[in-house]
Amino acid sequence: MRRPRLRGCKAPFRDRSDPMLFFRKRAEMPAPDQILPGRPTPLPTADRHFVNGHPLKGPYPPGIETVVFGLGCFWGAERKFWQLGDGVFVTAVGYAAGTTPNPTYEEVCSGMTGHNEVVLVAYDPAAMPFASLLKTFWESHDPTQGMRQGNDVGTQYRSGIYLSDATRLAEAEASREAYGGALKARGFGPITTEIRDGGPFYFAEEYHQQYLAKNPGGYCGLGGTGVSCPVGVGVAAE
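Residues in the sequence shown are numbered consecutively from 1, following this note's numbering.
Keep in mind that the hints were calculated from the coordinates and are not lab data. Certain hints may be false.
Straight-line alpha carbon distances no greater than 27 Å define the calculated DSSO-like cross-link-like pairs of lysine-lysine that follow [said to hold, decoys possible]:
(1) LYS57 / LYS184
(2) LYS135 / LYS214
(3) LYS214 / LYS57
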């Protein structure tokens, strides 16, 4: 059965004990006693990337690195990265930086998992410098908006860069400082992007993977600031 075309998190998970709970646009992280329990097994998802046919989950070829980005609704965010070309081996949408194991889309939309809607980018740093991914990330959204991106409001739309490699973390933090200066010069407020180890990445359901390739007219609420990211200024060279 074909899934309906959802617009952002517009099909909230319902709790029978509180039917309005999951319609609220949460702007704060849930308390530990509010976290949904999740499940022990991963959700079914696609085996291969809809656009380039590469294995979605890996194992990826030697030399491929991964990074996870959160920059609003993951449908449009994922497209930004697969469109970068051959240096990006594969992209996938999912959930990270939260607590609930193996969450569903509806559960993440409830704001009760702590997760962010994110894009996993597996890339070849010899062909796609990490700095280029950072430039795409910063310029594709407004990282000063806190728990929202445009009309998409909630903790699952927060700006974030998630990875565990110390060198890459330092590069990401340097890029945040550099872009923060560029934004300040144009009258924007401080960057709210979190940069840290995001914990496990949980693949989203199959119908979300490469959604805008399957549905070219689908919803995309992403919008940047119009301020160029000064890649190379405060960003470690490859």
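The hints, checked one at a time:
In summary, the hint linking LYS57 to LYS184 is not supported, as the alpha carbons are separated by about 39 Å, beyond the 27 Å threshold. Annotation: proposed proximity of LYS135 to LYS214 holds, straight-line Cα distance about 26 Å (limit 27 Å). Distance hint between LYS214 and LYS57 is fulfilled; the C-alpha atoms sit about 19 Å from each other, no more than 27 Å.
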